[in-house]
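Protein chains in written order, with my numbering: chain V, 3 to 416; chain P, 3 to 416.
No false leads were slipped in.
Taking CB as the label site, the calculated pair distances span: (1) P:E31 with V:T264: 45 to 55 Å; (2) V:S6 with P:P236: 37 to 47 Å; (3) P:P236 with V:G313: 21 to 31 Å; (4) P:P81 with V:G313: 52 to 62 Å; (5) P:G32 with V:Q288: 18 to 28 Å; (6) V:R173 with P:E25: 37 to 47 Å; (7) V:R55 with P:A45: 53 to 63 Å; (8) P:E31 with V:E187: 50 to 60 Å; (9) P:A45 with V:A60: 51 to 61 Å.
Incomplete in silico selection of chain V near chain P, CB under 8 Å: (10) R249; (11) G281; (12) T387; (13) H388.
From chain V, some residues computed to sit far from chain P (all C-beta separations above 12 Å): (14) A45; (15) T62; (16) Y152; (17) R186; (18) P298; (19) Q339; (20) Y353.
Treat the hints as calculated values from the structure; they're not laboratory data. Every residue, glycine too, gets a C-beta built ideally from N, C-alpha and C.
Number of protein chains: 2
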Amino acid sequence: MAFSSSTRVNLERFWSTIERSAEIGRGREGGLSRLALSDADKAIRDVFVEWCREAGLAITIDRVGNIFARRSGLDDTLPPVLMGSHLDTQANGGRFDGIVGVLGALEAIRTLNDLGHQTQRPIEIVNWTNEEGARFSPPMTASGCFAGAYELDWVHQRPSDDAATFGEELRRIGYLGDAPVGGRELDAYFELHIEQGPILDAEKTQVGIVTHAYSSRGFFVEFNGETAHAGPCPMEHRRNALVAAARLLVAVDDIGWDYADTGGKATAARMTAWPNKAGIVSDWAQAFCDVRHNDPEVAAVMAERVERAVGVSAARAGCTGKVFERWGWGGAIFDQQMIADIRTHAQALGYSTRDLPSQAGHDAYFMARVCPAAMIFTPCEGGITHNNNERATREDLEPGLNVLLHAAVGRADR
Amino acid sequence: MAFSSSTRVNLERFWSTIERSAEIGRGREGGLSRLALSDADKAIRDVFVEWCREAGLAITIDRVGNIFARRSGLDDTLPPVLMGSHLDTQANGGRFDGIVGVLGALEAIRTLNDLGHQTQRPIEIVNWTNEEGARFSPPMTASGCFAGAYELDWVHQRPSDDAATFGEELRRIGYLGDAPVGGRELDAYFELHIEQGPILDAEKTQVGIVTHAYSSRGFFVEFNGETAHAGPCPMEHRRNALVAAARLLVAVDDIGWDYADTGGKATAARMTAWPNKAGIVSDWAQAFCDVRHNDPEVAAVMAERVERAVGVSAARAGCTGKVFERWGWGGAIFDQQMIADIRTHAQALGYSTRDLPSQAGHDAYFMARVCPAAMIFTPCEGGITHNNNERATREDLEPGLNVLLHAAVGRADR
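Excised from the complex, chain V in its bound form (with noise of 0.2 Å):
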């Protein structure tokens, strides 16, 4: 039986194999807790490398621990059509999140197996080392590697909260691959996903077309005082660094909901401080917020709200403060001739589709920077994730993972 048309996935086997993931590096009930590089990475990764070896692919691993799983094309010499996304989670993560679309590329490949229908190009699948960001930052590290945006060195030096570097758990684990990082022609980069809104859900659409990425903007912002005892020292002459992170922060979040009303979101996401303790005023604080929307003025806008907000609430708590560390990313990024397939054969597979931005941060953001990219989206239950209770049922997925397989199919035997 050739590949034709009427082809489609084995859900069964797709949904079997988000089961088995799911049961490795449990978080809160039902969802996952699979931090990059952890002993449950590795874990889920064993199992993804001997399923793809199962499939019959090729694997190889860079030095930064992606992980490619390779089918020959029929002109091995072409540029290959990649399809991927990340297995790792947050803490506190669910089952489908990055996950869908390692296991939906790999469901694509066996649903090729079953026919025996070898494409023009070669075909590979991608797990991306640490998209999540949750134990190193940035997010989207080893893609963002992948495109040139980091240094090989750099992001083995990126340090965790548990004080052990990149570099350091990628060896640990055995992921430390030979392979260079990038480097080398991609026909295209596909990446299916769950939408981690609640558009499609509400709208009970099946397939998102992913036209751009909304424009986003992150800081890491770095505040300095003087310790000083909580009791005795007069307000005038405290410098308190807590204060001042509190401060930039209500700042952000009073910035999001200002342009709630447009779609516009401001996170206060992380805050430390040092001593951070009763009875002492601190002398140092960090902070990381981030401002999103969808219109790239009107984030830029909201930028600069964030930018001086640093400066006011640094010297109302008496303090200097700095960004120290910016990231930004954003707009009509993604290929306008894949979009169009995509749209066409969601159509042609007779689903209903929606045009949508991605309001997330995905390995295919970089990935457009080094090829043709796109992304597909499948509805999730009310757009939660980042959640033990993020949630899709097969019915979900099954649009979806059928458009990304005759997307990909079609793009390979070009």
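Starting from the known structure of chain V, arrange chain P on it as the hints suggest.
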């Protein structure tokens, strides 16, 4: 030579003892980082015990690690006069806070030894465990236990940020004694301490007569929200516990400023959140804050505002919030006769004096619950404390040392 009104401490001997202490547990330049029950705390305890034995004192260690060093009286059946404070420091502490009270008491004993003067009542020096609360919360843990405010088992179970418990660390450093905690009669408790405020230094007054304690109220607060993705989750669906805690800390700081003109203070002291990571909304946060005012009624109003701010801050972030532990102290807790005696001795010695309240927490607050207690303050530069820049000269300390000597001997010879 008998003890007389012309007797004075040996200032050079005292100063060299302070300098020796300042070599143990060095922190930032010139300061100390001698956290309770750490290796550095063990080291100063060992040295202190050796000094006491050299002075002919009998050592007793109780089950929370308090060290008592006893000098017999002519009638050893009488309740002893106790003098002391604490040898532990903040993470960025100075070399005088607490230490002057313990080593000043030692100097008083050494002076009596020089003269061969035996007091009517026994005199004891005490070093209280974990006054600072910089490693184990709450502060003044072991004097609180001595005074019956805290149960022994509860104290032993206090966790540190580095995972070890109070009891485990007490055993590890060899200071889990077998003497019962408290429960014996004391004649009086004297505590000499640097002011930790700017008043004496600014006025060039030599001795502070501590008339009462600032009214202080502390609040341990917990907020619960829900994790969510920092990207797609709309502002109106968020329940960010970190935002709730930040809003509380800002409200607390504002309360402090509202009462700054009458010497009120409010401190945002500590905050922790989980997962506290870029890319995710935190579902849990804890904060510690306190308010302090010289007027107990005003302190009560400030405390009431904090209680209301907990609910308001939680609600604005879509979270729940509750105060899960409170503490408070303050008021006219010191013994009026001892205060009068201290004033008389200071004036007889020719020192300038000033009545003033104590604004920080001290072990003397708990001791005032079980026996007559009083405090003597010495100036320190600019009132800077809980900071490596805490400074005092030997001339700053000399008057307080002599007042302690004379007041304690006066009491012990009754």
